[in-house]
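Engineer: Take the position in the sequence shown, starting the count at 1, then add 19; the result is the number in the numbering used here.
In short, the hints are calculated from the structure, not lab data.
Among the clues, some could well be false.
[What the hints assert, rightly or not] Lysine to aspartate or glutamate pairs mimicking EDC-like chemistry, simulated, CA-CA at most 20 Å apart:
1) K521 to E532
2) K584 to E352
3) K239 to D89
4) K638 to D618
5) K239 to E269
6) K42 to D96
7) K584 to E304
8) K513 to E277
Keep in mind the model is a prediction, meaning the values are calculated, not measured.
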Amino acid sequence: GKPRSHWIYRVSAPAATKKFRSKSAGMLVEFRSTGMQTVFPPSTHESGELIGWEQAESEPATVDPGELLDCVHQLADAVKVELGEKQPAPEKKKRPKPAPQSTPVATTTIDPADRSSRCLAAMLRIRITDQRDGSHRLFVAACRAVEYDLDDAAALATIREYAQQKPFPKSWSDEEVIRRVRDAEGQCQRGKALELDAEGCTALGGRDPQTGRLILSPKKTLPTAEAYVRDFHLHREGRSLQCYAGLIMEWRGNRYCEVEDNAVKKRLQVWLHESLRYVFNRRTEEMELVGYESNPGTINSALESIRAYTHLPATVASPSWLGSAPRNLPPNEILPCRSTLLHLPTMQHYPATPEFFTVNALEFDPDPAAPSPMSWHQFLHQLFDGDIESLDLLQEWFGYCLTGDTSQQKMLLMVGPKRSGKGTIARVLTRLIGNGNVSGPTTSSLAGPFGLQPLIRKTLAIVSDARFHGENIATVVERLLCISGEDALTVDRKHMTSVTMKLPTRFMFLTNEFPRLTDASGALAGRFVILRLTESFYGKEDTGLTDRLLGELPGILNWAIEGWKRLRERGHFVMPSSVRDVVREIEDLSSPVSAFVRDACVVGPGHRISVDSLYSAWKQWCEGEGRQAVTTKQT
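Just need the whole structure built from these sequences, with the hints factored in.
Structural biologist: Have a look at this one:
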């Protein structure tokens with residue numbers, strides 16, 4: 020290239036910036052990663068030299084950052100030798116290289132019995148804990164059979180021999196085992212474990228033929244990430260590990276759950292310790308396998324590679340299909356349950372799959388035959404005293420909270436005296452959609468610098484004892500408008516990088532008083548659907564009520580699904596007639612000027628009044644309405 024040029028590469032793992040200087044010539048070459056700036060073509064250097072592409076249509080090569088740094092180091096050393104600043108390194112005796120073999124190796128050159136033996140050794144290295152019937156471990160064993168290119172008969176025999184040493188929780192028929200082999204063929208490359216590199220060594224990510232131990236490299240970490248996913252997170256329908264919004268998440272319970280970094284490191288520590296790596300024996304001039312060094316450095320390097328390999332952009336909404344979406348199954352029409360996906364419009368069940376990305380799922384499966392929740396109906400009729408419109412609104416709100424659909428752009432405001440049933444309704448809804456899907460912020464915490472972080476991955480935020488006042492209430496109003504309006508927000512996270520995403524959170528406010536919102540436009544008041552409770556049960560509480568209601572959750576789910584269907588058919592919520600005066604009152608509290616204009620002014624063409632007279636009338640109106648804070652004349 021030119022004396023002044025940039026060479027751009029795509030690296031498979033993070034890299035640090037490093038500069039190589041000469042005593043006589045100054046800067047020789049810089050290995051640059053993050054934290055620096057580069058002028059890209061077309062442009063002009065400050066010296067007047069035009070900056071352009073050497074190969075404009077080319078794509079950057081993907082390389083290992085450690086290998087690239089070694090090459091840059093060698094380049095700098097070579098320049099220093101030319102400048103007389105360094106003695107040339109003594110020429111090393113080159114070891115003879117075996118003739119390159121094809122990759123993958125022709126499996127006909129390996130005895131079938133040897134392949135089965137190698138495969139069994141690899142199976143015995145499986146470190147997966149069985150869930151229920153052990154079907155996932157059986158699938159991983161089938162993947163090993165495919166990777167070692169065993170035919171069906173050999174695969175079946177090897178898996179049977181493996182099961183004798185490591186029994187499954189249940190007995191699998193021959194047909195079921197072969198079916199898992201067919202599934203494995205869709206996710207694994209046949210003969211992958213038999214591949215050799217150009218020097219005739221087992222390829223990285225492969226296994227030692229004698230022991231079945233993985234062969235990895237502390238410098239080339241992409242095969243490490245691939246092998247980790249293959250060993251622990253390969254499902255017959257796809258990968259079950261994602262790095263979403265900077266968080267490592269694994270698929271369990273039919274949803275993606277956050278995994279602590281330390282939990283991954285704990286697994287990596289043992290997994291790497293059981294692996295091998297190649298070293299060059301200078302005495303024999305041969306490559307040898309030695310134990311892999313499992314230490315904080317190699318563990319962190321592997322963890323970062325796993326993050327990069329499993330990266331899922333934060334712009335991917337939950338729920339979404341990661342692969343090709345099945346026909347007529349929009350993600351917002353699907354209710355993820357403990358072990359099934361329920362398509363609400365048709366009430367059809369579909370198998371759980373990691374290809375359906377959702378961070379929320381019910382903790383139980385639906386039961387269409389569940390009895391009607393009589394205690395729940397009795398409780399609600401006692402609260403609303405026959406107000407059918409309010410009952411319908413609550414039913415539709417419960418249904419609205421079941422899926423990832425936030426298109427209504429509404430929040431629920433439940434107003435009532437203490438001990439009026441607000442908390443009981445909130446507890447039932449929390450258990451219905453799952454405790455892990457619900458956040459419990461306060462209005463003051465929502466205004467904090469990290470106030471939005473707890474809302475990530477939460478479908479519902481219940482604000483108990485909501486108070487819409489304080490010095491930061493304007494920030495709260497702004498954030499509520501953005502979240503309920505389905506706008507993307509930049510979320511600041513403590514000890515983590517910020518992330519820009521659309522929060523899937525619906526808000527439910529429980530309060531004893533009408534909110535006094537600092538939103539003169541009235542936009543926030545228009546986002547509320549309102550339920551009003553009037554009777555207090557203070558002093559006559561039923562302490563066993565919540566437990567009885569939670570025992571009816573399957574029936575309450577069916578009741579909520581009916582609400583979802585009615586809301587979907589109508590297309591919007593309907594405010595109960597019993598709260599229309601409440602809506603006007605909230606609007607007046609949030610924008611008293613609008614109430615003043617409506618009550619005390621005549622608006623029309625040609626009407627005039629002096630500012631002093633208008634301000635005097637405004638003050639009199641505020642005093643008559645019992646308002647203490649009166650704005651200035653300039654306002």
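Engineer: Compare the structure with each hint and give your call.
Structural biologist: Hints and how they fare:
no.: 1; hint: K521 to E532; in the structure: 30 Å, violated
no.: 2; hint: K584 to E352; in the structure: 10 Å, holds
no.: 3; hint: K239 to D89; in the structure: 12 Å, holds
no.: 4; hint: K638 to D618; in the structure: 13 Å, holds
no.: 5; hint: K239 to E269; in the structure: 24 Å, violated
no.: 6; hint: K42 to D96; in the structure: 12 Å, holds
no.: 7; hint: K584 to E304; in the structure: 73 Å, violated
no.: 8; hint: K513 to E277; in the structure: 16 Å, holds
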